[in-house]
Amino acid sequence: KYFFGTATEKWPQDKAIKRFKLPTGEVISCILWNNLFFITGTDIVRSLTFRFHAFGRPVTNPKKFEEGIFSDLRNLKPGTDARLEEPKSELLDMLYKNNCIRTQKKQKVFFWY
Numbered sequence: 002k003y004f005f006g007t008a009t010e011k012w013p014q015d016k017a018i019k020r021f022k023l024p025t026g027e028v029i030s031c032i033l034w035n036n037l038f039f040i041t042g043t044d045i046v047r048s049l050t051f052r053f054h055a056f057g058r059p060v061t062n063p064k065k066f067e068e069g070i071f072s073d074l075r076n077l078k079p080g081t082d083a084r085l086e087e088p089k090s091e092l093l094d095m096l097y098k099n100n101c102i103r104t105q106k107k108q109k110v111f112f113w114y
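Per the working numbering, the very first residue in the sequence shown carries number 2; after that it's consecutive.
To be clear, the hints were calculated from the coordinates, so they are not data collected in a lab.
On a predicted model such as this, the values are computed, not experimentally measured, just so you know.
Treat the hints with caution; some may be incorrect.
To be verified - Straight line, CA to CA, 25 Å or less: simulated BS3-like cross-link-like pairs of lysine-lysine:
1) Lys107 with Lys78
2) Lys78 with Lys22
3) Lys78 with Lys64
4) Lys109 with Lys19
5) Lys106 with Lys64
As the list claims (entries may be wrong) - Beta-carbon label-pair distances, calculated as ranges:
6) Thr81 with Leu49: 14 to 24 Å
7) Lys16 with Asn62: 28 to 38 Å
8) Arg75 with Asp15: 13 to 23 Å
9) Ala55 with Gly80: 26 to 36 Å
10) Thr25 with Glu68: 18 to 28 Å
11) Trp12 with Asn62: 32 to 42 Å
12) Val28 with Phe112: 15 to 25 Å
13) Phe66 with Gln14: 30 to 40 Å
By construction, the Cβ of each residue, glycine as well, lies at the ideal position given by its N, Cα and C atoms.
Could you build the full structure based on these sequences and the hints that come with them?
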């Protein structure tokens, strides 16, 4: 509940990622990159899936749910709401190695605020 509001505070200087483990066992991450904070689309899906479950509305069709969220995220504009990363960029490589994203294809990484 508090991770989204406090994740960017008291940031350890030697870390690029601050993680929060959900009760489901999945992890969501806040990423610090070039003095900006980001969250991935994958982590947005994970957090919303958990929130729906916590409010007694478990997701019955995870694939459709994920597709709907990513469809909405496509409306967020690079430069304003997100940063568009080229395939296998240094940032995507780090996110992939740390299990924050599933693929290193060209994708948006979303500003935390």
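Quiz prompt | Non-conforming hints, listed in increasing numerical order | solution = 2, 8
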